Amino acid sequence: MSVVNANLWDVNSSTGVRTSSAGVIGVVGASTNNLNDVSVDIPKHTLTVVTGVSGSGKSSLVLDTIAAEAQRLVNDSYPAFIRSRLPQHPAAEVQSMAGLTFTALIDQRRFTGNARSVVATASDVAPLIRLVFSRIGEPSAGYSPAYSFNDPTGMCPRCEGLGHVVDIDIDELIDLDRTIDEGPVRFSQFRPGVYRWKRFAYCGLFDRSVPLRDYTDEQMRLFLYADRVKLTDPDPRFPKTARFDGVVTRLRDVYIKNRPASLSAQVAGELERITSDHVCPECDGARVNAAARASLIDGRSIVDWSSTPIAELRSLLEHTHDPRVEPALDGIRTVLDALLSVGLGYLTLDRTSSTLSGGEAQRVKIVRHLGSALTDVTYVFDEPSVGLHPRDVHRLTELLLRLRDGGNTVLVVEHDQQVIAVADHVIDIGPGAGSAGGTVCFEGTPGDLTRSGTVTGRLLRAPVALRQAPRAATGSVTVRNATMHNLAGIDVEVPLGVLTVVTGVAGSGKSSFATGELPAQHPEFTVVGQEPLRGGVRSTPLSALGIAETVRRVFSAESGLDPAWFSFNSKGACPQCTGRGRITTELAFLDDVSVPCDACHGLRFNETALATTVGGSTIAEVLMMTASGLARAFAADTRITAAAEWLERVGLGYMPVGRSLDTLSGGEKQRLLLAKHLLETGDLSTERIVLDEPTTGLHPSDVDRITTLFDDLVDAGATLVVVEHNLRVIGTADRVIDIGPGAGREGGSLVFSGPPSELLTAPDSATGVALAAAASR
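Residue numbers for the sequence shown follow this note's numbering, so the first one is 9 and each next one is one higher.
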C-alpha cells in the first residue's frame with residue numbers, strides 16, 4: 009500500500025488535481041519496472057534514504073523515475089538546437105511529478121577505459137597542481153601544459169603520455185607468404201572483405217597478387233607504417249577523401265592509443281597475441297617528459313606528488329607554502345581533504361581512473377560536487393557505502409550531510425545501517441523483490457523504521473550474531489612472504505574445509521592477499537571476482553549460465569524451426585534494432601542515447617520468433633521470467649532447473665533471466681559467476697573458492713540468504729575464502745583474517761587470525777571495534 013502525506017500536497021478544489029507544495033518532490037502513480045502505482049512525497053532540503061530488499065524497486069523509484077525525469081526536463085528547457093545534441097530520455101512511467109529540481113546523479117558506474125584519465129584529472133585537482141609547478145617549480149618547464157601528460161608540450165615523447173609502450177610483434181601480425189587477396193594480416197579486423205582490409209587492398213599502392221615477402225623495402229614500409237599518405241591513383245572503391253595509413257599505423261591508432269572500452273573475447277585475445285605491453289623505458293612510467301620531471305618543489309617533482317598516497321601528500325602540503333601560489337595550494341588541500349574524508353587516502357593521484365572499483369569511482373565523483381556554489385540541487389546517490397569498511401562510513405555520512413546543509417536535497421539508495429541512521433527521512437520499498445515488491449512499506453524516521461515490523465526494520469534492530477562453535481578445519485595451506493602491492497611480506501595460514509573471511513579497511517591489502525597472493529601460491533583456489541562479464545548487451549544470465557541454447561532447442565522442437573530463430577543474436581533478431589531491443593545513438597563526447605525499439609517494443613525478436621509458444625509463453629516472455637518461473641516452465645529439463653536453483657541460492661531469484669549483462673551491478677555479476685561456477689562443479693568437496701565482496705548491493709535479508717549458501721557449500725566439503733566488510737558475513741565465519749591496521753602504506757600486516765568472537769578484543773583491529781558494536785546493539 010502506497011503511503012502518501014496529504015499535508016504536503018495542494019489540491020485544486022474544482023478539478024481534484026494534486027500538485028506538490030514547494031517543500032516536497034512529489035511522485036504520483038509511478039509504475040517504472042516493478043513499481044506498483046507508487047505515490048510518495050520526498051521532503052526537500054533533507055537527507056532521504058530509500059531502502060528495501062535487492063530488486064524491490066528502490067532504484068526504479070529513485071534512479072529510473074525521479075532522477076531520469078528531472079534530467080529529461082532540464083534537457084527539455086534548452087533551445088531546440090542544443091536539445092538535439094543532448095541525450096534524449098523518454099518520459100518516466102508516472103502519472104505526475106512535481107517539485108523536481110536540477111538533479112546530479114552520482115552512481116557506481118566505473119570510469120571509462122580511457123588510459124589518460126587518472127584520479128588527479130577525475131577529481132579536478134590536476135590543473136591546480138600543474139599551475140603550482142609552473143609558477144614555483146625549479147627549474148621551470150614552462151606554462152601549465154608543460155606539466156601535463158595529456159598535452160604534447162608536457163608528455164613523454166616515447167610513450168605519448170601513457171606511461172607504457174605497446175610493441176607490435178610484426179612476425180605474429182604479418183604472414184609474409186600471403187598476398188593481400190589471401191589475407192596477410194593475422195588480425196580478424198583486417199581479414200579479406202572487411203572495411204580495414206579494403207583500405208590497403210584498394211589504395212593502388214600494392215599488387216594484390218604478390219606475396220608480401222616479394223615487396224620492396226619501400227613497399228613494405230608503406231604497407232606497415234604509412235601515415236596519411238595522399239594517394240594518386242586509388243581504386244574507385246577506396247574512400248574518395250581518405251588518405252592511406254599502414255596496417256601498424258592503423259592498428260596503433262584504433263586499438264592501442266584509443267583502445268575501445270569494450271572488445272570481444274576474440275579480438276582481445278588476438279591483441280594479446282600480437283602485442284606486448286611494458287613500462288616506458290624513457291620516462292619509467294612517469295608519463296611526462298624530462299623537463300617536467302626535473303622541475304622540483306622542495307626536492308620533489310610533479311611525478312613524486314602524483315605517486316605519493318593522498319594521505320601522505322596532504323601531510324606534505326601542510327608544510328608547503330608560497331605566497332605566489334597560496335590560493336592554488338589551498339585548493340589542492342581542499343580536494344585532498346575531501347578525498348580523505350571519503351576514505352580514499354590510500355590512493356595515489358596517478359592511479360588510472362578505469363582501475364577504480366565502482367564504489368571508489370562514486371566517491372571520487374562526490375568530491376567533485378562538494379565545492380559547488382549551486383544550491384537547491386537534488387543529489388542522487390546509488391549505494392555510496394559500497395566498498396567502505398564500517399570504520400569509514402561516518403566520513404561518507406558527513407559528506408552527505410554537508411551537501412544537505414548547503415541547501416540541497418540528498419536522495420540515497422542504501423542498505424547500510426550507519427547511512428540509514430543519519431537520514432532525516434526513510435522510505436522502505438518492498439516487501440519482496442520483483443513482482444513481490446514495488447510498494448512503499450514505510451515512511452518516517454530511522455528510529456521509527458527500526459521499531460517497525462518491516463523486513464528492514466526487524467533486521468536493523470537485531471544484533472549481529474557471532475559463530476560460537478567454529479567448524480574444525482580439514483587442513484590448511486600457508487601463504488608465505490606475501491608482498492603484492494602494500495603487503496608487508498606476511499605469512500598467513502589459511503584453513504581448509506571452512507569459511508574464512510578476509511577483512512580490513514579499504515586499501516589495507518586484503519584483496520591483494522586473497523585474490524592475488526593466495527591463488528598465485530596455491531593455484532587450486534578459483535577466484536570469483538567482480539570483473540566484467542563478457543558479452544555485454546548481447547548476453548544474458550541465461551547465456552552466461554550456458555542454458556540459452558537448451559531453451560532455444562525446446563522452442564525449435566515445438567515449431568520445427570532452426571534454434572537460431574529463437575536467438576536475438578541470429579535469425580530471430582528484430583530487423584529494426586538487430587536484436588538489441590533499443591536504438592542507441594552515439595553523441596560523441598556526450599553519453600549515448602538509448603530508447604526502446606519502436607518495431608519490437610524492446611522484445612528484441614521478430615514476428616517469426618514470437619509466433620511460437622512453449623507452455624503458453626513466447627521466447628521473449630521466457631526471457632522476462634525470473635528463476636522460479638523458468639524452473640516451472642521447463643520443469644522437465646534438469647539442466648535448466650539446476651541453473652534456476654543456483655540463481656535462487658546466490659540471491660538472484662528476482663532478476664529476469666533475459667536481462668542484459670551490461671546492466672548488472674558488480675555484486676550481481678559476481679553472484680552470477682558464482683552460480684555458473686557451481687552449476688559446472690561436480691564434487692563440491694574439492695572446491696576451493698575465493699569471493700571478492702559478494703554482498704555488494706545486498707539488503708541484510710539477502711546477506712543472510714547468501715551466508716546460508718556459504719554454510720551449505722562448506723558443509724558439503726568446499727573451502728570458501730571471502731573478502732568482506734559486511735559484519736553479518738564476518739560474524740558467520742569460522743576464521744577471520746584481518747589485514748591492516750590502516751590503508752596503503754599503513755596496512756599490509758596481519759592484524760588478527762582467529763574466530764570472530766576473539767576478534768572483538770583484538771588490539772589495533774578497526775573491524776573488531778565495529779563488530780563488537782554491532783553484536784551488542
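Watch out, some of these pointers could steer you wrong.
[As the list claims (entries may be wrong)] Below, a list of computed lysine to aspartate or glutamate pairs in the EDC-like style, where the Cα atoms sit at most 20 Å apart:
no., residue 1, residue 2
1, K684, D719
2, K265, D292
3, K684, E656
4, K684, E532
5, K52, E557
6, K238, D222
7, K238, D261
8, K684, E695
9, K52, D285
10, K206, D183
11, K248, E280
12, K265, E290
13, K52, E406
14, K265, D175
15, K684, D606
16, K52, D72
17, K52, E532
18, K206, E168
19, K265, D159
20, K265, D241
21, K238, E190
22, K265, D189
23, K52, D292
24, K206, D159
25, K248, D225
26, K265, D413
27, K206, D235
28, K238, D215
29, K206, D243
30, K265, D243
31, K684, D645
[Said to hold, decoys possible] Beta-carbon label-pair distances, calculated as ranges:
no., residue 1, residue 2, range
32, E501, A99, 51 to 61 Å
33, D261, T558, 57 to 67 Å
34, L382, K206, 47 to 57 Å
35, R91, R546, 54 to 64 Å
36, Y203, P160, 23 to 33 Å
37, A783, L382, 52 to 62 Å
38, D413, N44, 49 to 59 Å
39, S92, R251, 25 to 35 Å
40, F110, I591, 45 to 55 Å
Derived by calculation from the structure, the hints in this document are not laboratory data. Here the structure is a predicted model, which is why all the values come from computation and not from measurement. Even for Gly, the Cβ is constructed at its ideal location relative to N, Cα and C.
Within 20 Å, alpha carbon to alpha carbon, are K52 and E557? violated (50 Å)
Straight-line alpha-carbon gap K238 to D215, limit 20 Å: holds (18 Å)
Hinted pair, alpha-carbon criterion (20 Å max): K52, D285. Please report holds or violated. violated (51 Å)
Going straight from one Cα to the other, do K684 and D645 come out at no more than 20 Å? holds (17 Å)
For the pair we were handed, K206 and D183, check the Cα-Cα distance against 20 Å. Distance of about 18 Å is within 20 Å: holds.
Check the hint pairing K238 with D222 against an upper bound of 20 Å on the C-alpha distance. Not OK: K238 and D222 at ~24 Å, beyond 20 Å, violated.
Return holds or violated for the Cβ distance of D413 and N44 against the range 49 to 59 Å. Given a distance of about 34 Å, which is not inside 49 to 59 Å, the answer is violated.
Check the hint pairing K684 with D606 against an upper bound of 20 Å on the C-alpha distance. violated (34 Å)
Has the given pair, K265 with D175, been kept, meaning a C-alpha gap of at most 20 Å? Satisfied, since the Cα-Cα distance of roughly 12 Å is no more than 20 Å.
Going straight from one Cα to the other, do K265 and D243 come out at no more than 20 Å? Cα-Cα ~29 Å, so violated.
CA of K52 to CA of D72, is that 20 Å or under? Given that 20 Å is the threshold and the Cα spacing comes to 19 Å, the pair holds.
Holds or violated: K684 and E656, Cα atoms, limit 20 Å. holds (12 Å)
Violated hints, in rising order: 5, 6, 9, 11, 15, 17, 18, 20, 21, 22, 23, 24, 25, 26, 30, 33, 35, 37, 38 and 40; the structure is consistent with all others.
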